[in-house]
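Asker: Each chain, written out:
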Amino acid sequence: MTLRREVPEIAAHLVTPWRENGPVLSLVFFALTCVGLCAAYGFFQLIALPGGLMTGVLAIALAEWLIQRHRFFGTGVESALWIGGLFALIFALPGEGKPEAILLFAAASAIAGARMLNPWFGALSVTFAIAYLIAKNWESAAVMTSVAIALCALAALSRTWKRPSVEQFFSLLLITAPITGAVVAFDLHWSALHLVFAAACFVMGVRLRHHAPLLAGIVGLALAAIDAHEILRNGVEWYLIIGGAALFAVSAYLSRHLHGKTIGIVAVPAELTPYDEALQIGATIAIAPPAPSPGETPRDGGSFGGAGATGDF
Amino acid sequence: MIDFSIEIETLRAAGAVDDASAARLSAHQRREVFSVHPELRITSWLGVMLVVTGAGILVSENIDRIGPVTLAAAIGIASAACYGYTAWRRRPGPSAFLEDFVLLLGALLLSVDLGYIESQFHVLDQGWPRHFLIAAVVHGLGAYFFDSRALLSLSLAALAAWLGVEQRFQTLFESSMETSVRAMTAAVVVLIWRFADRRRRTSRSFEPVFEHFAANLALFGALSLTFEGGTRVVGAILTIAFATAVIAHGFRRRTESFVIYGYVYGVIAADVLMVELIDVDVLVALYLIVSTIAAIVGLFLLHLRFRRTP
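Residue numbers (the working numbering), protein chains in the order written: chain E, 1 to 313; chain D, 1 to 310.
Derived by calculation from the structure, the hints in this document are not laboratory data.
Note that CB positions come from ideal geometry on N, CA and C, so glycine has one too.
Mixed in with the good hints, there may be bad ones.
Listed next, with one range per pair, are the computed distances between beta-carbon atoms [as the list claims (entries may be wrong)]:
1) D:Val-69 / E:Val-184: 49 to 55 Å
2) D:Ala-96 / E:Pro-99: 47 to 53 Å
3) E:Leu-232 / D:Ile-66: 36 to 42 Å
4) E:Leu-232 / D:Val-69: 25 to 31 Å
5) E:Trp-65 / D:Ile-192: 34 to 40 Å
6) D:Phe-145 / E:Gly-235: 34 to 40 Å
7) E:Thr-16 / D:Glu-9: 43 to 49 Å
8) E:Arg-163 / D:Ala-23: 39 to 45 Å
9) E:Leu-232 / D:Tyr-144: 53 to 59 Å
10) E:Arg-71 / D:Glu-9: 35 to 41 Å
11) E:Val-184 / D:Ala-74: 35 to 41 Å
12) E:Gly-264 / D:Thr-255: 33 to 39 Å
No farther apart than 25 Å at their CA atoms in a straight line, the calculated lysine to any residue pairs in the SDA-like style are these [said to hold, decoys possible]:
13) E:Lys-162 / D:Val-275
14) E:Lys-162 / D:Leu-71
15) E:Lys-162 / D:Phe-97
16) E:Lys-162 / D:Gly-229
17) E:Lys-162 / D:Gly-15
18) E:Lys-261 / D:Thr-255
19) E:Lys-261 / D:His-37
20) E:Lys-261 / D:Pro-38
21) E:Lys-261 / D:Glu-32
22) E:Lys-261 / D:Ala-23
23) E:Lys-261 / D:Arg-31
24) E:Lys-162 / D:Thr-53
Taking beta-carbon pairs under 7 Å as the criterion, some of the chain E residues facing chain D (in silico) [as the list claims (entries may be wrong)]:
25) Val-28
26) Glu-96
27) Ile-149
28) Leu-151
29) Ala-156
30) Ser-251
31) Ala-270
32) Leu-272
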């Protein structure tokens, strides 16, 4: 969370010369700049100039000019120029497709993250590092490293930090690292590890009264459940229904238990982002499952579903 | 953990923040009050999605074992129970979110059941897509009865599905003139519904949902025309015209999301058209560099204007 959202009363008194945008606008600027960088790379290649080198140097120079002269910081443009520029430079290197190239991307993300104080780039750097272990087929090492990194991030969150970006970096790391490590190695024997991780996150989340460990705890539980999918190959539907009902019951119990409390841990309405409701509605419509499989649909084919399901007829 | 206690104390000492506000903010910084409402919402939502996904698999894989009538009846009863519980328990207040999720569960189960009944019993026969219309009507009625934006969104999505607008990203590239017309028709229907809602209801809580659906359906329909060889020019002109209208609406409503996605749709349409017209690789790349820079500068200026508009 930024200072502006965390404590708007303070932010109102802070006047900085830096230009910054909200998350959605930054994302749009980031995407547009990436399109421009790809076009520049293609253009230099087509006129027989070294595309990676030219694009990389120009992008980083332009980013620094925008930062130094026009006080861009958090607009999305300078971040895209920095990380895109470094990636373009990597593409300029002669390569044989070895997994070690992933480490270059990890380093580039880390450099861009440190320069731009961008927690997403920092988390991306760790993702690349774990992806390297996966590419080397060290899947066990990937899972254990990812959980170890997340636990380090959990410990780091218990310290007091002055920069919001540092706090955001550790929060993101705590949530994304275990997912990256687990993505190729869902296996029953990792279930216990993810359960222990989830438990540690919940305990620390309640002790620190911090959202990130609590969310990481939910992620840990989900990973443990997915790890255990092999023993539930038959009757997965009941597993989902009972699991969903249990989650809902826990939520209902806590909500009722905390109802009326005004101090300590409470359940009064609060938002993680300004887009919570829109995200929830969008996600519901997007993933609402179709009812029967296409083979069971009537007469002329098409796939069924509820509101928000496909309508291909 | 981040802590702004010192900054708050400095501002209080300088008189920039009054004592009561400083005390409240400091208590927040010390986590004396910490709301787990977001976590409870996420957990409830995940619970609902898991149950509905499980029900979806259940109906598709257990027909022989359980029997279609039993299955359809069981899901129908579960759905009715959710609606009934919500109607019984619902009251305004902070803890109402649980009832919202029970309602959502009921609506999604109903959707699954409607699709399942139609696929098994062919009630509507050749007119089977009309089960989407039934879902749209039922969810629409539910949305008004429970004042639920989530149900209204499900209703609008079902309405679009009934009109033949597929909910897949690939549709943009694979669709035909017919799909585009369907999407634009759906946008018009949603707009008519929005005007009717405005005349009949005092609450304006549904307006943003109608407007976002209508804007995206219209822009999506026009943009998919742009990706078709024969209708590229018409599609691009329509997309830019709709995008301009959506941006103007965003300015009027002071809602920047309309401005942003209207602008993005417009840029994509212009680029697709120009890239097709240029048709020389080097010039295309050069055009994209120039157009992207122009698009970034244009969006900065638009954003600046939006912030300065009272």
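Asker: Return the numbers of the hints above that this structure violates; sort them in rising order.
Answerer: 1, 3, 5, 7, 8, 9, 10, 13, 14, 15, 16, 18, 24, 26, 27, 28, 29
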